[in-house]
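Letter by letter, the chains look like this.
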Amino acid sequence: MAGPPTITPIDESEITTVAQATESDVESAVAAARIAFDEGPWPGLNVHARAKVLRRIAELVEQNLDELAYLETLDMGKPIAMSRAIDAPMTAQIFHYYAGMATQLEGSTRGGSSPTTHPFPVAGLNYTEREPLGVVAAITPFNFPLLLSATKIAPALAAGNCVIHKPASLTPLSAIRIAQIMEEAGLPNGVFNLITGPGGRVGNQLVEHPAINKIAFTGSTAVGKGIIARSAETLKKTTMELGGKSANIIFADADLDTALEHAWFSIFYNKGEICTAGSRMLLERSIHDEFVERFAARASTTIPGNPLDPTTTFGPLADANQFKKVSEYVQYGLEDGARLRLGGKPFHPDSLNGKGYYYLPTIFTEATNQMRIARDEIFGPVLTVIPFDTEDEAIRLANDTDYGLASGIHTLNLKRAHRVARALRAGTVWVNTYNMFDATTPFGGYKSSGFGREGGPEVMENYTQYKSVWIDLS
Amino acid sequence: MVNQLSTPRADETAPKATPQPPAVEPGLLYIDGAWREASDGGTADDYPDR
Numbered sequence: 004m005a006g007p008p009t010i011t012p013i014d015e016s017e018i019t020t021v022a023q024a025t026e027s028d029v030e031s032a033v034a035a036a037r038i039a040f041d042e043g044p045w046p047g048l049n050v051h052a053r054a055k056v057l058r059r060i061a062e063l064v065e066q067n068l069d070e071l072a073y074l075e076t077l078d079m080g081k082p083i084a085m086s087r088a089i090d091a092p093m094t095a096q097i098f099h100y101y102a103g104m105a106t107q108l109e110g111s112t113r114g115g116s117s118p119t120t121h122p123f124p125v126a127g128l129n130y131t132e133r134e135p136l137g138v139v140a141a142i143t144p145f146n147f148p149l150l151l152s153a154t155k156i157a158p159a160l161a162a163g164n165c166v167i168h169k170p171a172s173l174t175p176l177s178a179i180r181i182a183q184i185m186e187e188a189g190l191p192n193g194v195f196n197l198i199t200g201p202g203g204r205v206g207n208q209l210v211e212h213p214a215i216n217k218i219a220f221t222g223s224t225a226v227g228k229g230i231i232a233r234s235a236e237t238l239k240k241t242t243m244e245l246g247g248k249s250a251n252i253i254f255a256d257a258d259l260d261t262a263l264e265h266a267w268f269s270i271f272y273n274k275g276e277i278c279t280a281g282s283r284m285l286l287e288r289s290i291h292d293e294f295v296e297r298f299a300a301r302a303s304t305t306i307p308g309n310p311l312d313p314t315t316t317f318g319p320l321a322d323a324n325q326f327k328k329v330s331e332y333v334q335y336g337l338e339d340g341a342r343l344r345l346g347g348k349p350f351h352p353d354s355l356n357g358k359g360y361y362y363l364p365t366i367f368t369e370a371t372n373q374m375r376i377a378r379d380e381i382f383g384p385v386l387t388v389i390p391f392d393t394e395d396e397a398i399r400l401a402n403d404t405d406y407g408l409a410s411g412i413h414t415l416n417l418k419r420a421h422r423v424a425r426a427l428r429a430g431t432v433w434v435n436t437y438n439m440f441d442a443t444t445p446f447g448g449y450k451s452s453g454f455g456r457e458g459g460p461e462v463m464e465n466y467t468q469y470k471s472v473w474i475d476l477s
Numbered sequence: 117m118v119n120q121l122s123t124p125r126a127d128e129t130a131p132k133a134t135p136q137p138p139a140v141e142p143g144l145l146y147i148d149g150a151w152r153e154a155s156d157g158g159t160a161d162d163y164p165d166r
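As they're listed, the protein sequences go chains A and B.
Residue 253 in the working numbering sits at position 250 of the first sequence, with consecutive numbering throughout.
Residue 139 in the working numbering sits at position 23 of the second sequence, with consecutive numbering throughout.
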């Protein structure tokens, strides 16, 4: 059945209508993936042949960068300059990288292959093989629809799994285009399947389905907890890339010009709709007032605009719910006693007649780490600035959060950089930079930011399982 | 039906963005190597999935 139209946050107009999968459609997708895995050629395919298909996917993505970037921007409002320079090409890089990884999955032989504890005298050989898990459901978010699909689908396929992709109902367009690319690349039938529709029905059915072996999820911590609970009955493997409330620590001994630009990128990149957002700026008290002054001046030049304009650096929030949530948290900040230093209200670009979910970059100062704007993931362009006096206090404040996804350190003191990086309870630490990512690098969270890693060779642990084979040689 | 995928926006100014309408209607699912319409009976009881 056709569902409600998808809406662009640019001007709230209808984009198109996307299929709403029903229970029967999900059953069909699961059956197709199951048969493709249990009976099809993909899991046992020569690794070079599997790599070749993944490389072909990467090449097709590269041939369609403009269209993919356009779809991404239209669907969720990120500036076209960024979706074209970051999201689309990095998606291709991810498929290229995991094409290589398909040939790198290795087992091993073990020293205990002639056990002395066995009742029979044996001369044994033991080796391990790495095998795919089976059928993987990739449930992906609205903030980086392309990228965070590729980080799941590419390694899953590289390991020989079959995939069902369920994109966020808010942003299905690039996923549909990727499915076309999968088809064109020559994946065998059933190896990749796309179902669109509401998470509350389609997502839950996937999570609970006994024929699915693994759920790879990126999204909020609340939804992640629900998925873990629902998938427990069928003992699914899960990887969870969840929320964050990351601290970006700026010491007085930092290169403050550089720190200022990276601080902007840490919180206002992707309109703050990024799980690693450096939404808590921990600022050494001796530079607090001057740096806040400079940062507010820098942020005040960031004017929300039509993200299809290549000069735009800051687009609309992804939808009405995001807009409402950001507005509510600004109110919470005021109620809790923080000082609104910048923004804190909607913005209406002249050319859009008051339409679209545009919100000004927002900065709160005179805040504490106990306020709601410092505890909760807002997932929007709202920065909370908190002063500190000592390195130990900065570390304590940074770690005083339920989350542990990422953190930033700005200092020119090498020892301090390493010392603080080691002390932070976060899956990624950036030193004198922020929001650097690469397909070769593991990414994931500590604490309530989830478990499992995406990126790098480490992710293959999440899409394979070890088989231990014993042979009696006596 | 409104379909901005096949009618690029008039105010689009991105010089590099030259969208081509997808060859397949977005109102389809991709299952078992084929594009198909969703079967009837679904509801839109969404919850926020980022």
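Please note that a few of the clues may not be correct.
Unchecked claim - Derived CB-CB ranges, DEER-like:
| id | chain 1 | residue 1 | chain 2 | residue 2 | range |
| --- | --- | --- | --- | --- | --- |
| 1 | A | 297 | B | 149 | 55 to 63 Å |
| 2 | B | 153 | A | 51 | 36 to 44 Å |
| 3 | B | 149 | A | 55 | 44 to 52 Å |
| 4 | A | 314 | B | 153 | 37 to 45 Å |
| 5 | A | 348 | B | 149 | 27 to 35 Å |
| 6 | A | 354 | B | 149 | 39 to 47 Å |
| 7 | A | 118 | B | 153 | 55 to 63 Å |
| 8 | B | 149 | A | 122 | 19 to 27 Å |
| 9 | B | 153 | A | 471 | 41 to 49 Å |
| 10 | A | 106 | B | 153 | 53 to 61 Å |
| 11 | B | 149 | A | 356 | 40 to 48 Å |
| 12 | A | 50 | B | 153 | 32 to 40 Å |
| 13 | B | 153 | A | 109 | 37 to 45 Å |
What the hints assert, rightly or not - Example chain A residues on the side facing chain B (calculated, C-beta under 7 Å, incomplete):
| id | residue |
| --- | --- |
| 14 | 20 |
| 15 | 21 |
| 16 | 24 |
| 17 | 25 |
| 18 | 28 |
| 19 | 31 |
| 20 | 182 |
| 21 | 188 |
| 22 | 193 |
| 23 | 197 |
| 24 | 198 |
| 25 | 451 |
| 26 | 467 |
| 27 | 468 |
| 28 | 471 |
| 29 | 472 |
I should point out that these hints are in silico values taken from the structure, not numbers from a laboratory.
Idealized CB from N, CA, C, for every residue including glycine.
To see whether the hints hold, each was checked on the structure:
1. 297/A to 149/B: 55 to 63 Å: 56 Å, holds
2. 153/B to 51/A: 36 to 44 Å: 37 Å, holds
3. 149/B to 55/A: 44 to 52 Å: 18 Å, violated
4. 314/A to 153/B: 37 to 45 Å: 40 Å, holds
5. 348/A to 149/B: 27 to 35 Å: 50 Å, violated
6. 354/A to 149/B: 39 to 47 Å: 43 Å, holds
7. 118/A to 153/B: 55 to 63 Å: 58 Å, holds
8. 149/B to 122/A: 19 to 27 Å: Check failed, 51 Å falls outside 19 to 27 Å.
9. 153/B to 471/A: 41 to 49 Å: 46 Å, holds
10. 106/A to 153/B: 53 to 61 Å: 39 Å, violated
11. 149/B to 356/A: 40 to 48 Å: For residue 356/A against residue 149/B, whose Cβ atoms are near 44 Å apart, the range 40 to 48 Å holds.
12. 50/A to 153/B: 32 to 40 Å: 36 Å, holds
13. 153/B to 109/A: 37 to 45 Å: Given range 37 to 45 Å: holds, Cβ gap about 44 Å.
14. 20: Cβ of residue 20/A sits 5 Å from chain B, so the hint holds.
15. 21: 5 Å, holds
16. 24: The hint holds - residue 24/A has a Cβ within 7 Å of chain B, the shortest such distance being about 5 Å.
17. 25: Holds, because the Cβ-Cβ distance from residue 25/A to chain B comes to roughly 4 Å (cut-off 7 Å).
18. 28: Holds - the Cβ of residue 28/A comes within 7 Å of chain B, reaching about 5 Å at its closest.
19. 31: This hint holds: residue 31/A lies near chain B, its Cβ roughly 5 Å from the closest one there, short of 7 Å.
20. 182: Result: holds, 4 Å to nearest chain B Cβ.
21. 188: Since chain B brings no Cβ nearer than about 12 Å to residue 188/A, farther than 7 Å, the hint is violated.
22. 193: 5 Å, holds
23. 197: Holds, about 4 Å.
24. 198: 5 Å, holds
25. 451: With Cβ-Cβ at 15 Å, over 7 Å, it is violated.
26. 467: 24 Å, violated
27. 468: Status violated, d = 25 Å.
28. 471: 34 Å, violated
29. 472: This hint is violated: residue 472/A lies away from chain B, its Cβ roughly 33 Å from the closest one there, beyond 7 Å.
In this structure, the earlier hints numbered 3, 5, 8, 10, 21, 25, 26, 27, 28 and 29 are contradicted, and the remaining ones agree with it.
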